[in-house]
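Participant: Using the sequences and the hints given, assemble the complete structure.
Each chain is listed here by its residues.
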Amino acid sequence: MTLLVLKDLRAGYGASDIVHGVNLELVPGKMIALVGPNGAGKSTLLKSIAGVANVTGGVLELDGKNLIPLQPSGRAQAGAVFMPQERNVFRTLSVSENLAVSAWGCRDIAARRDEVLTLLPTIRDYLRKRAGGLSGGQRQMVGLGMALMSRPRVLLVDEPTAGLSPLLVGEMLDTLRQLAASANLGILIVEQNARAALQRADRALVLVDGRVVRQGDAAALADEPDFGALFFGEAA
Amino acid sequence: MIQMIINTLASAAIVAPAAVAFTLVFTLFRYANFAVGGFVTVGAFAAWTINVPLGCPLWVAGLGAMVVCASAFALSDRLVFRALRGRSGGTLLLVSIALSFVLENIMRFIYGAQMKGFDLPLTGPITIWDVRITRETVAVVSVSLLAILVVGAILILTPIGRALRAVADNPSLASVRGLPVPSVEVFGIAVAGAMLGLSGTLVGVDLSIDPNLNWAVTIPIIAAAIVGGLGSPIGAAAGAILIGAAEELTVAFLAPTYKGAVGFAVIALVLILRPQGLLGDKVDRK
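So the sequence lines, in the order shown, correspond to chains A and B.
End of the first sequence = 236 in our numbering, gap-free, step of one.
End of the second sequence = 286 in our numbering, gap-free, step of one.
Keep in mind that the hints were calculated from the coordinates and are not lab data.
On a predicted model such as this, the values are computed, not experimentally measured, just so you know.
Note that beta-carbon positions come from the ideal geometry of N, C-alpha and C, so glycine has one too.
Don't take each hint at face value.
Derived CB-CB ranges, DEER-like [said to hold, decoys possible]:
(1) B:Ala83 / A:Asp209: 18 to 24 Å
(2) B:Leu79 / A:Pro121: 47 to 53 Å
(3) A:Cys106 / B:Ser208: 32 to 38 Å
Some chain A residues well away from chain B (every beta-carbon gap over 12 Å; in silico) [as the list claims (entries may be wrong)]:
(4) Lys65
(5) Pro121
(6) Gly163
The following residues of chain A were derived to be distant from chain B, with all beta-carbon distances above 12 Å [unchecked claim]:
(7) Arg10
(8) Glu86
(9) Ser94
(10) Glu97
(11) Asp114
(12) Thr122
(13) Ser135
(14) Val169
(15) Arg177
(16) Asn184
(17) Arg211
(18) Ala219
(19) Ala220
Facilitator: Structure (structure tokens):
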């Protein structure tokens, strides 16, 4: 069963398109990595699914429901939950409050929090701390926990390892990989550490100048001899 | 000395709810709304209208003033400020000053320039160990304290309060987390408006009501919010006490004519010694 469908999706900011006709299908339990050079439109693609960037044409459906008319909050409530690269926690709220506020309108906040703490047990250690005082790795973990509080169908993760140490990069990507399987989530991830992401993802799309130039099995793509050239946009 | 503390608390109690309103609006939208004094004046006249011409008890008048001010404040946001979202804080500040003059003159047009007062029963002061406290002062301080505690409890303990703090912290993240940002903002504006209406009622208990109240209360309100630390409702209440104390000391040791300037002096001192205020966070400029 396909969760998220993109057909000929075009998106950007203002009048100009940055993403030009992307096709993609995401199924539950799978992780798709979006890789490519800086400025390829990877983050814009994620943001357009989340409603933060404008969709200017094409099809965008989650569980058969058209997401395009919905505001960002409506898309989150429909199950397409975005985890921004930066400023992904409410700094002035405690970690516990960050989790609670991310399940807006839900009556079973305690149960959801327990679920998240089971999936991401390290958060327990700093539940009462103010989110603004956490380290980069802890903040990313809380951001992920917040995204999970709404029991998403699809998780849109924008560079979750930005600013993390090499050890934490692997840990974060492993966590996402495990989440996709254990929570039966579809995950679409943009990641600068392309090889690390491809090692964990099921499929990958290489974007250059807003267009998909290569797609397929993630591990196979990483092994292609021209992968480096693709990643730096030379094979577009 | 004790008399001075009581006077300080009485004057802080009037300013504190409005300072909380000012800081709420600042944290939500990152601009200084100088029309707060105008809305306090609207609240005072609304309470007077319900209390004197309509003959209702003062507590009903106070609740009515809170509803009137919450509605008027939400309406001003809808008609004036929403269209200017994204403009600089300086632009919004100037617009709010203009709005303040408009409100003041609407009150002057409707009610005239004559001073007005609530219909309060005559009661003698309570004297405890040579300290005189009027029943009105006790009521004003108690109601103000209760209102601030209620707002604090809403912000900390309720889902809508948490949502309000989340929207104030990072509205775009709040939106992608599924929070209904516009509705949460309207709730915050309504709470702020209600607090301005309450301040208007309390100021009418202590002082006579006339359109010139506007600028007489604006400076102490903003001074209290800045001194307490923008973004902190509890800080705003603490700032109100500090401004009240400074005004009382000015009256006692200098001259009452300098009372109006004391707010500016305290703001300048705090900005030099502790720019984020007593209990405030450093805030991002927009």
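Participant: Run every hint past the structure and note whether it holds.
Facilitator: Each hint, compared with the structure:
Range check, Ala83 of chain B to Asp209 of chain A: about 37 Å between beta-carbon atoms, so the 18 to 24 Å window is missed. At roughly 50 Å, the beta-carbon separation of Leu79 of chain B and Pro121 of chain A lies within the given 47 to 53 Å, and the hint holds. A hinted range of 32 to 38 Å for the beta carbons of Cys106 of chain A and Ser208 of chain B is inconsistent with their spacing of about 51 Å. With a least CB separation of 15 Å from chain B, Lys65 of chain A remains clear of the 12 Å interface cut-off, as annotated.
Listed as a non-interface residue, Pro121 of chain A keeps its Cβ farther than 12 Å from every Cβ of chain B; the least gap is roughly 22 Å. Distance check on Gly163 of chain A: its Cβ is at least 17 Å (rounded) from any Cβ of chain B, clearing the 12 Å threshold; non-interface status holds. Interface exclusion of Arg10 of chain A from chain B stands, the closest Cβ pair being 21 Å apart, more than 12 Å. Against chain B, the non-interface label of Glu86 of chain A is violated: not every CB pair exceeds 12 Å, the least being about 10 Å.
For Ser94 of chain A, the condition that its CB be more than 12 Å from all CB atoms of chain B is violated, with the nearest at approximately 10 Å. The beta carbon of Glu97 of chain A sits about 5 Å from the closest Cβ of chain B, which is not more than 12 Å, so the claim that it is off the interface is violated. Asp114 of chain A, annotated as away from the interface, keeps every beta carbon of chain B farther than 12 Å; the closest lies near 18 Å. With a least CB separation of 21 Å from chain B, Thr122 of chain A remains clear of the 12 Å interface cut-off, as annotated.
For Ser135 of chain A, the requirement that its beta carbon stay farther than 12 Å from each beta carbon of chain B is met, with the minimum near 19 Å. The Cβ of Val169 of chain A lies farther than 12 Å from every Cβ of chain B, with a closest approach of about 23 Å, so its non-interface assignment holds. Distance check for Arg177 of chain A against chain B: the nearest CB is about 23 Å away, which clears 12 Å, and the non-interface claim stands. Distance check on Asn184 of chain A: its Cβ is at least 20 Å (rounded) from any Cβ of chain B, clearing the 12 Å threshold; non-interface status holds.
With a least CB separation of 26 Å from chain B, Arg211 of chain A remains clear of the 12 Å interface cut-off, as annotated. No Cβ of chain B approaches the Cβ of Ala219 of chain A within 12 Å, the least distance being about 31 Å, so the stated non-interface status holds. Look at Ala220 of chain A: its CB is around 33 Å from the nearest CB on chain B, clear of 12 Å, so calling it non-interface holds up.
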